[in-house]
Amino acid sequence: MELRIDRAIVAEARRLAQAIVEPVSAFIATHSTHSVERAVLRLFGADGVGSDEAPVPNLALERIGSVRLASGVARWIGAGVAETGGAPSDMARALAEGRLDVASFDNVPERAARAALAPHVALALGRIAARREERRERLARLPQSPPPLLYVIVASGNIYEDRTAAVAAAEAGAQIVAVIRSTGQSLIDFVPFGATTEGFGGTYATQENFRIMRAALDDVSERLGRYVMLTNYASGLCMPEIAAMAALERLDMLLNDSMYGVLFRDINMKRTFVDQHFSRMLNGFSGIIINTGEDNYLTTADAVEQAPAVLASQFINEEFALRAGMPQAQIGLGDAYEIDPDLEDGFLFALAQAQLARQIFAAAPLKYMPPTKHMTGDIFKGHLIDAMFNLTSVMTGQTIHLCGMLTEAIHTPFLADRALSLENARYVMRTARHLGDDIELKPGGIVERRAERVLREALALLRRVAEMGLMESIAAGTFADVKRAPDGGRGFEGVFARAADYWNPFEDALASAGLSSVAG
Amino acid sequence: MELRIDRAIVAEARRLAQAIVEPVSAFIATHSTHSVERAVLRLFGADGVGSDEAPVPNLALERIGSVRLASGVARWIGAGVAETGGAPSDMARALAEGRLDVASFDNVPERAARAALAPHVALALGRIAARREERRERLARLPQSPPPLLYVIVASGNIYEDRTAAVAAAEAGAQIVAVIRSTGQSLIDFVPFGATTEGFGGTYATQENFRIMRAALDDVSERLGRYVMLTNYASGLCMPEIAAMAALERLDMLLNDSMYGVLFRDINMKRTFVDQHFSRMLNGFSGIIINTGEDNYLTTADAVEQAPAVLASQFINEEFALRAGMPQAQIGLGDAYEIDPDLEDGFLFALAQAQLARQIFAAAPLKYMPPTKHMTGDIFKGHLIDAMFNLTSVMTGQTIHLCGMLTEAIHTPFLADRALSLENARYVMRTARHLGDDIELKPGGIVERRAERVLREALALLRRVAEMGLMESIAAGTFADVKRAPDGGRGFEGVFARAADYWNPFEDALASAGLSSVAG
Amino acid sequence: MNPVRPYGDTLGDGKVQLSFTLPLDWSEAADEAARQLVAKMGFTEVAVSEGRSIASGFSFFVVYASTPVSVDLAAIAVTSLRTHGLSMDEIDALVRARVGRKLRIAGACIGTDAHTVGIDAILNMKGYKGDYGLERYKEFVVFNLGSQVSVEDLARFAKENAIDAILASQVVTQKGSDIQNFTALSELLEADGIRDRTLLIAGGPRMTNLLASELGYDAGFGRGTLPSEVAAFIAQRFSEHR
Amino acid sequence: MNPVRPYGDTLGDGKVQLSFTLPLDWSEAADEAARQLVAKMGFTEVAVSEGRSIASGFSFFVVYASTPVSVDLAAIAVTSLRTHGLSMDEIDALVRARVGRKLRIAGACIGTDAHTVGIDAILNMKGYKGDYGLERYKEFVVFNLGSQVSVEDLARFAKENAIDAILASQVVTQKGSDIQNFTALSELLEADGIRDRTLLIAGGPRMTNLLASELGYDAGFGRGTLPSEVAAFIAQRFSEHR
Ligand code: B12
Ligand code: B12
Ligand SMILES: Cc1ncc(COP(=O)(O)O)c(C=O)c1O
Ligand SMILES: Cc1ncc(COP(=O)(O)O)c(C=O)c1O
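Chains as they are written, first to last, in the working numbering: chain U, 87 to 606; chain Y, 87 to 606; chain E, 9 to 250; chain W, 9 to 250.
Bear in mind the hints are in silico, worked out from the structure with no lab data behind them. Here the structure is a predicted model, which is why all the values come from computation and not from measurement. Worth double-checking, as some hints may not be accurate.
Stated by the list, open to error - Once the Cα atoms are required to be at most 30 Å apart in a straight line, the calculated DSS-like pairs of lysine-lysine come out as:
#1 E:K134 with Y:K528
#2 E:K48 with Y:K528
#3 E:K183 with Y:K528
#4 Y:K528 with U:K528
#5 W:K134 with U:K459
#6 U:K459 with W:K48
#7 E:K167 with E:K134
#8 W:K48 with E:K183
#9 Y:K569 with E:K48
#10 U:K569 with W:K146
#11 W:K137 with U:K569
#12 Y:K459 with E:K134
#13 E:K183 with Y:K459
#14 U:K569 with W:K110
#15 U:K528 with W:K48
#16 U:K569 with W:K48
#17 W:K110 with W:K167
#18 E:K48 with W:K48
#19 U:K459 with W:K137
#20 W:K183 with E:K48
#21 W:K134 with W:K146
#22 Y:K569 with E:K134
#23 Y:K459 with E:K48
Use the sequences and the hints to build the structure in full.
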């Protein structure tokens, strides 16, 4: 089942996406954020909490102060290592606890600081590379079933109940498990610490929670003879830190969108643009597949109307990811089956959109999100809408398939909801496995006309954004009907201009290694 | 979505079906049955019960005795009318009650008997024609929604609960309501009388029950502004009588298969062949669409394996119906979605079969039966299997669509089961309304290869049956793995050879009117 | 884990999903009626997640709620008939060794029930889900009387043919017709004086071993039964008791 | 038809469908545990139509059963807020005539809840399902404070802006977070001394008017609410009481 697509339009759209992202890249290159710097600390092994349960990376940053921070946190940690011979993580803790005065390092020459950190940078990257290699080895030994890869969420708020749920889901056929974060975590400017049991609508993303889930899934992977992937969320105020933690704990995927936080969480756009870049560099190097959030356009607005925005956003997200050095194979662009069940031929519309993305982003592991908006308390009807979504996915060869829950409108999934949902996907995908291969779309038919129209309108949208500039377009409400000011929103205070001597050793290492080849 | 079909094979299959049915037709032409004769009585208005709750038609036949019966019951009723000037129905009752001695009519000349009945025959046919005209008028005034026509069953055992259920179903979108008969009714050699409230797994088919349902559905039809059809079952020991009652009470469809009773109820084959012919003549004239029972091949055996048998049976049923003078537009050939849900690409197999029937019997109002055999107590899974069935139906343009019930493996439908089931069909058929039109099947693909194979194997099966003879083939277990002896099974005692002066005025009238033109 | 209680997403939460129809047009009061009804059943945290008219005078509801009820597993005395671990050959060998003669088995779908697929699955050579039917066993002589067999005919057949085990099937259960027929059969065998020497087995999708024993049967087999499970039971019973 | 009881296919049959998970591997004993559990809940004619393992240590069941419980419709005191029959113009006219000034309304999605679609549906011009939102009414001055608004901020805003009616939304209900936030808001308004002069309205998919009144709110609106229903309620309350 192939759509006949005008390749010239696609090429033009990609060109426009480059033009849109280019000026933002210039901003990114000259700025850093608190979270980027905290991520650097975490990569050096900084962890734990100090007074008031505040995380060490946050406390250390405070002690360094905004003036010195303009040179990058590495500058000061490096100086400490050069002076004391201690480990970078010890420096961070000592700073956090006030046992070390950063002013005393002002005189350590830049070159000494850099030299002192060099082995630690190599060590940190080596650790991540090892995790990545470990994933490769496991995947080879415990091969996954072919895509669409069935993905479910756990969200009890309690990491231990989540673990039970995740293992049960894996046994029931899940190939990817995502732990949904507690409401509000994306808006807090630090990463909580330790195992947590009290979240609302989700469970806190902490490094210990990552570890607990990874261990449980590794365990069940061995038992089932197939590797079960683990996913969490990066987008938010701590994108780079979560990317760092995920790299260290061998998560396999991360929700990571270049604009989600801005549009849907009122996070400052400059903050997000800088954060997403460094976090994606890390994702790229650690072999983590990102999942972008185009589905969010459809949960608040009409799917038919927003379809061009989804496609436009996919082009932009792709471009941002490529610029962070990510290979296509790790760019999980998002889409969702949010079509109105009352719309005649709605299924054909959804098919058009899904197939369009499939052909345009042929090498990307597309992420296909289930119906949510039109799900109601009628679980029987909901199960059917999910079935049509499952059918669309298998027909269009989506890669990452989030299983819809019949109880979507009621509660975060019960254990049995997940089992029923996986059964739904497995059944539909089995009984119609090769349907997509067995048919052709009629030229000029409903599907083809719809796809053409979406592509044309996405192009027009990209053209408008390119003319106006991305930040200005967002300010004008071009995306998701939401208006955000370039200097408004949460986390703006954590954005700063890089000083002339700014230094981020990981950025340098990853950039000079030619990330896409490292990651390839 | 068109299959490329070898038309020569189809033509050859039709030729074989003619060759198969031809010798059976010769048998039919020279025989009659008790039920045919009772149907004649009913057409003349005979009704009610006598002693022991035995129906008047049965009692009358008994009194006439087998020797006289060889001339046909009309001969004696006609004689009575000629002699007494009373109505035919009075004759029947008088005979039944022993108030009249049939021997006293022996001397009434055949011609007098025939002449006396002529106006009553015209009257009876006029009454049926009026019912048919009434249907036409209502359908024009209260148009149905376009096919697939959603068809549900009611089966509480109690005609009044059934009525409640039927009206509720109509409101929920049903376009056809069938009242399922009580277990065992097809094996009793009379038609029960009056309104009934005690059936098992279904409700007795009685003329009064027909009336009650027809009135309720006429009522709701007016209210909804669309005509709701009523269906019941003919196949069994009383096919012709039920056809007569259905004609009089304006049922719109009847289950009427040329072999179902033989194979699945162990009814004598000669009995069934003769009965189906006259009942179909009546169905044809009364504008009733028949539903054949090919689905039954699939409830006991494997759907993939039995597919050719289904197609072969469709050809045979078609030929029998055409010979009874039925127009294509009233021949609702059966098929069912009984594909194993665990079979990879099972949906594609079902699609192939459904589309094959659609193209071969292009003018027939195909009847598509839902999943039953693979339904389990898991109502959630069952609802999904029904959804895939609904999808197949709308993609292949089936006409009469029996809605599957999520509780199929549990109980005869609850009121809510029907509502959920109709919602399922309406949703799937709306969201994928034109999918079938929007795609082409890949040449040499799974669907096309499957269809080819089924057609080829059906041809081979028909060839074997044509060589062996239909009765002998059934005796040899060719259909549904069931072996039935030509003179075995229930109701054989009710088959008799027509005497030289045999007379069935309705048969004559319908045949000479050139039924298919009458009915056209 | 004992006592056990339904599990939603947290141990002990008691979560249950319910759906039902009320003979009412939908309104907010109908939603509240649904809520109260479920509360009156003893559930807590009752949430009516769906309520709507499905026809005039009828509304359908989907409800989630917590039950305080739990069951004590230790008190559940279900002897599993279905775990035996014997192969066909082992079962035949058992009969040969311990019974010393072929066992005579009669099966039928009784009353007006015509659903033979289930009993055929147990009896026919071919069997069910790759498990051979009783006809294939060397030490069983099987009579499959088919469908719609009256209990009188079955009892007579058993008497006249020295049947060791009767296998009665009932698939139609509407209005308790299965219970009626099963009961009639066992009473008739009792009256005929052959109940004692006959192993009486009931089967069908709604049958459980517990229900069968309540009906005075020696065993009952429900949905998903494999022929070998029935074969093993018969063989073991005859090798132990007779 | 009173009292009412669930309807399967016959009036009074009390049929209910249930499904739940037990923390047990499947076995015949697990089926029986499911049956006993439902029987202990007070149901009769319990039929376990499905039971199977869905993961190690967990089994899923589908059960049909009859309940003896019924509810007395007459005793259900639900005043429907949602049937008013007033058009937008009529509501505006009512406020003009009986209140004589514009009503000031503040809406927010409180706590950490970011689900604004529901409250937006009520407030935004555009409205919901073809029914205009409160912003479109001439006699309402609407402040939509958006999402993740702390109850403190909302209370302060109400005080400082002479708000007549507060519309608080909660969509996330997990672990009772909605109840906590709603309660905190009403307590804060009480403490601030502005509860009396403010009409306090709760909304969200799980809200009912009954629950809202239990929480000390003036009204509660649940799934499917139309803006005009809320508008009519506000207008009527202010024309009656103040
Ligand atoms: C196939 C089928 C038919 C076929 C039967 C063909 C045949 N030769 O058997 C046909 C089309 C003829 C038919 C007709 C009817 N059917 Co029917 N049918 C079914 C269907 C789809 C499948 C049954 C089946 O074959 N299951 C597969 C077998 C292997 O499973 P099983 O029977 O449970 O058997 C297993 C175990 O229970 C056990 N077992 C069974 N018996 C025994 C006996 C012993 C001794 C032992 C040890 C074990 C054992 O072992 C078997 C293997 O594991 C069911 C729905 C469903 N999906 O279950 C409806 C169903 C059983 N039918 C039903 C009805 C109502 C009818 C009719 C009465 C409808 C009508 N009015 O026309 C008729 C009348 C038939 C009659 N006189 O009995 C209802 C029964 C409702 C109820 N609970 O009372 C059902 C549930 C459908 C429904 N929801 O309405 N049916
Ligand atoms: C859209 C959506 C989102 C969007 C929200 C975008 C936005 N700007 O609103 C996004 C993607 C951001 C999102 C995020 C999350 N969501 Co969300 N989401 C949904 C979804 C799909 C639809 C909700 C919706 O818009 N309904 C449509 C509106 C019109 O209906 P409504 O809200 O019921 O409103 C009507 C009435 O209730 C009433 N009403 C509502 N409020 C008020 C107020 C007043 C005063 C009045 C009078 C009336 C009224 O009027 C409205 C019109 O009739 C639901 C699932 C579903 N299908 O319901 C999940 C759902 C609500 N989300 C859920 C969760 C858990 C989350 C997350 C916490 C997940 C996570 N950890 O990432 C996050 C966190 C967000 C947060 N901090 O709150 C859960 C909540 C579970 C629970 N019962 O607690 C749900 C049920 C999904 C699920 N099954 O897990 N979500
Ligand atoms: C790309 C992306 N990131 C993050 C999130 C979750 O963010 P939060 O934790 O803010 O709800 C989502 C949710 O849909 C998302 O799509
Ligand atoms: C053609 C046909 N006739 C009749 C019946 C019903 O017959 P009975 O009443 O014998 O169950 C069926 C049932 O499936 C059928 O397919």
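Taking the hints in turn, this is what the structure says about them:
1. E:K134 with Y:K528: Given pair E:K134, Y:K528 is violated - Cα atoms ~38 Å apart, limit 30 Å.
2. E:K48 with Y:K528: With a Cα-Cα distance of about 58 Å, the restraint between E:K48 and Y:K528 is violated, given a limit of 30 Å.
3. E:K183 with Y:K528: Violated: E:K183 and Y:K528 sit about 51 Å apart, past 30 Å.
4. Y:K528 with U:K528: holds (11 Å)
5. W:K134 with U:K459: Within the cut-off at roughly 18 Å; holds.
6. U:K459 with W:K48: Distance of about 38 Å is beyond 30 Å: violated.
7. E:K167 with E:K134: Cα-Cα ~28 Å, so holds.
8. W:K48 with E:K183: Distance of about 23 Å is within 30 Å: holds.
9. Y:K569 with E:K48: Answer violated: Y:K569 to E:K48 is near 56 Å, above 30 Å.
10. U:K569 with W:K146: Roughly 26 Å between the alpha carbons, so the hint for U:K569 and W:K146 holds.
11. W:K137 with U:K569: holds (24 Å)
12. Y:K459 with E:K134: holds (18 Å)
13. E:K183 with Y:K459: Roughly 22 Å between the alpha carbons, so the hint for E:K183 and Y:K459 holds.
14. U:K569 with W:K110: Cα-Cα ~29 Å, so holds.
15. U:K528 with W:K48: With a Cα-Cα distance of about 58 Å, the restraint between U:K528 and W:K48 is violated, given a limit of 30 Å.
16. U:K569 with W:K48: Violated. U:K569 to W:K48 sits at ~56 Å, over the 30 Å cutoff.
17. W:K110 with W:K167: holds (17 Å)
18. E:K48 with W:K48: Given pair E:K48, W:K48 holds - Cα atoms ~14 Å apart, limit 30 Å.
19. U:K459 with W:K137: With Cα atoms ~14 Å apart, U:K459 and W:K137 stay inside 30 Å; holds.
20. W:K183 with E:K48: holds (23 Å)
21. W:K134 with W:K146: Holds: W:K134 and W:K146 sit about 14 Å apart, inside 30 Å.
22. Y:K569 with E:K134: holds (17 Å)
23. Y:K459 with E:K48: With Cα atoms ~38 Å apart, Y:K459 and E:K48 exceed 30 Å; violated.
In this structure, the earlier hints numbered 1, 2, 3, 6, 9, 15, 16 and 23 are contradicted, and the remaining ones agree with it.
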